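Visitor: Taken in sequence, the protein lines are chains A and B. All residue numbers for the first sequence refer to my numbering, where the first residue is 979 and numbers rise by one. All residue numbers for the second sequence refer to my numbering, where the first residue is 16 and numbers rise by one.
FYI, nobody ran anything at the bench for these hints, they're computed from the structure. Be careful, since some hints might not be right.
For each label pair, taking beta carbons as the anchor points, the in silico distance ranges come out as [as the list claims (entries may be wrong)]: (1) B:M348 with A:S1189: 45 to 55 Å; (2) A:Q1277 with B:E205: 52 to 62 Å; (3) A:A1091 with B:T51: 22 to 32 Å; (4) A:A1169 with B:E143: 31 to 41 Å; (5) B:L305 with A:S1189: 17 to 27 Å; (6) B:E205 with A:V1264: 51 to 61 Å; (7) B:Q167 with A:P1106: 55 to 65 Å.
If you want the footprint, here are the derived chain A segments under chain B, 3+ residues with CB under 8 Å [said to hold, decoys possible]: (8) 1004 to 1012; (9) 1170 to 1183.
Pairs of lysine-lysine, DSS-like flavour, derived with a Cα cap of 25 Å [to be verified]: (10) B:K362 with A:K1195; (11) B:K141 with A:K1195; (12) B:K153 with B:K187; (13) B:K187 with B:K141; (14) A:K1195 with B:K280.
Since we're looking at a predicted model, the values are computed, not measured. Yeah, the Cβ is synthetic: ideal placement off N, Cα and C, and Gly gets one too.
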Amino acid sequence: MQKLITAIAGRLVIVVPYLWLLLFFLVPFFIVLKISFSEVAMAIPAYQPAFDLSQGLAANFEKLKKLSLDNYQWLLDDALYFKAYVSSLTIAAVSTVLTLLVGYPLAYGMARAPSTLRPTLLMLVILPFWTSFLIRVYAWIGILKPEGLLNQFLMWAHVIDTPLTILNTNTAVFIGIVYSYLPFMVLPIYASLEKMDYSLIEAAQDLGCPSFTAFWKITFPLSIPGVVAGCFLVFIPAVGEFVIPDLLGGSQTLMIGKTLWSEFFSNRDWPVSSAVAVVLLVILIVPIVLFQRAQARAQESGK
Amino acid sequence: MESFGSFRRKFAPWDDPAAKPYIRFENVTKTFGDFTAVNDLSLDVFNREFFALLGASGCGKSTLLRMLAGFEEPTSGRILLDGQDLRGIPPYRRPVNMMFQSYALFPHMTVEGNIAFGLKQDGMAKSEIDARVGEMLKLVKLEQFAKRKPHQLSGGQRQRVALARAVAKRPKVLLLDEPLGALDKKLREETQFELMDLQYKLGLTFMVVTHDQEEAMTMADRIAVMDHGRIMQVATPAEVYEAPASKFVADFIGNVNLLEGAVEKAGSGEVEIAAATQGLTIRADTSKALSSGQNVWFAIRPEKIRIGREKPVDASFNAVEGELWDIAYFGDMTVFHVRLDNGDLIKASSLNAVRKVENPLTYDDRVWVSFDTDAGLVLTA
Ligand SMILES: Nc1ncnc2c1ncn2[C@@H]1O[C@H](COP(=O)(O)OP(=O)(O)OP(=O)(O)O)[C@@H](O)[C@H]1O
Ligand SMILES: [Mg+2]
């Protein structure tokens, strides 16, 4: 009896998260998918249901035949969408590289800090999460705007005479993404550096490597799993980022998150915006699968 | 000619006053904060010597090697290699290679890659590297494992890779920090002889750290016994065993009975000691200058004590009676623990030279233990 209970409990522990995923990921996804096949309507909700279970099977079958790929065709026809996807991917990629350039030295410094100091440093990296993401992005407006803190400081230091235009440009978007996603880059790299055995570096030096060479030949290759994880953790959400380009970016900043938002709320075209979302998901599946593979491989060789 | 133990090879530059030491530690001290890991230590090691550092955990053995390899700088004193002061020379420019206590194999490189690492660093030509790597793989018998990663190897194989990697550069000095720590007894004994062979063939100078005294005795030309950052004695294995310089060394190496007593009569070359142990008078050969009444210790190894039921013919000295308290059978020999009537224990061992014994000694037997005048050593410290 006792055994049975533990067995059931064991199953439950596994089943519950999957139920959760089913309920809050797959079901909404299928709703979006369904909407993306429908036609737009001036109504609430703002689409003509492609099928409706209350009308019986036969009626639904008729509707199923009428299922249209029109919305997807629409995405292909209008170059705006294609540009938005490409631009999103580019901005996300550039931001990921920038985040890596900032995050790696930070993680390295943390991993090499005295072990008594490390928990504090780790805390400091996580600390920004204690305030709302939205508020932190708003704060950047205050820093980057023409009469903002940054320009005031640079002018006070006589580095510049006229204020720099940073806000409402892609630069501001990069700054925003790098700032917001830095912890996601730092933490996995730190984890992989921290568990590295320092005697490997000593061994490399012993065999004739100056410290810098030892870094490139030993430390960096061994931290690659962390780098890969960090890059995906930044890249994947950055592609669909909406808040940062909306608040910090300008009118020329083209990102798919913004496009989706305006289709949904400004144009009230739910079917097209759903199609935009579905295509975004499909695009992101490639890096997600790559990420899973890399994780599995890292786990394999870590043994 | 009389000597301690048997000779392995005729090699004793330390007895030659003209010989120049290859590695020289001069009053080296290393402190970590207010903790002194190595304390005013001086030591000479000669070219082509197989030198072992022996001592309890934490006594500073690794620290000593790490200073020679360049990972730590001495707080004071200096280290000379072939007459050159090593201070300030970074590890990657010292002609010294180290085999790490943890092996420190590069996990992302194959066995080949690990061995070739140091050679590539030296800018050696590709063909030469390949040849050397092949040679090293053959030396450590890992030819068929060349393409494996370290995590696909057994502990013993990893240890061999670490050895091959450290030897590949043909360093003048090879430092080995507990090289055989992870191996089982049998593989360990095999590898000990392989190491000795390798050292001899390549003509290198080895400094080996070990916990295991048998290992040190088997392999080394000389042994340094360390305690709390100091060297207690440097001598050949046989000397360390048969002529320990102090109680500490006698006790640290092998089994020993240490009997305390006061000098009764000090003559030339001989001494008579009244042992604190009940009614035991010790007569022993000694070259030490002792004075009457002086407190001394008599150190005697168990295998140099005779044990039997019969009372020795002359039981007035070097003989005492007791009860057999414990018997430890080791196959090749048996160790008897004899409890004297005042409760003191004396260990005596005997070789099991025959398979069957008539009327063997057994628990609670009354026995006599006795020894010769040259069987033990009088120690004053
Ligand atoms: N970097 C360091 N900082 C502080 N203390 C250290 C450091 N390195 C070594 N010690 C201390 O110095 C002492 C000697 O260390 P060492 O590693 O030389 O010992 P060991 O003789 O090699 O011991 P083992 O046989 O256990 O390897 C130890 O008490 C150790 O705690
Ligand atoms: Mg050690």
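Visitor: Of the numbered hints stated previously, which ones are contradicted by the structure, given in increasing order?
Guide: 2, 5, 7, 8, 10, 14
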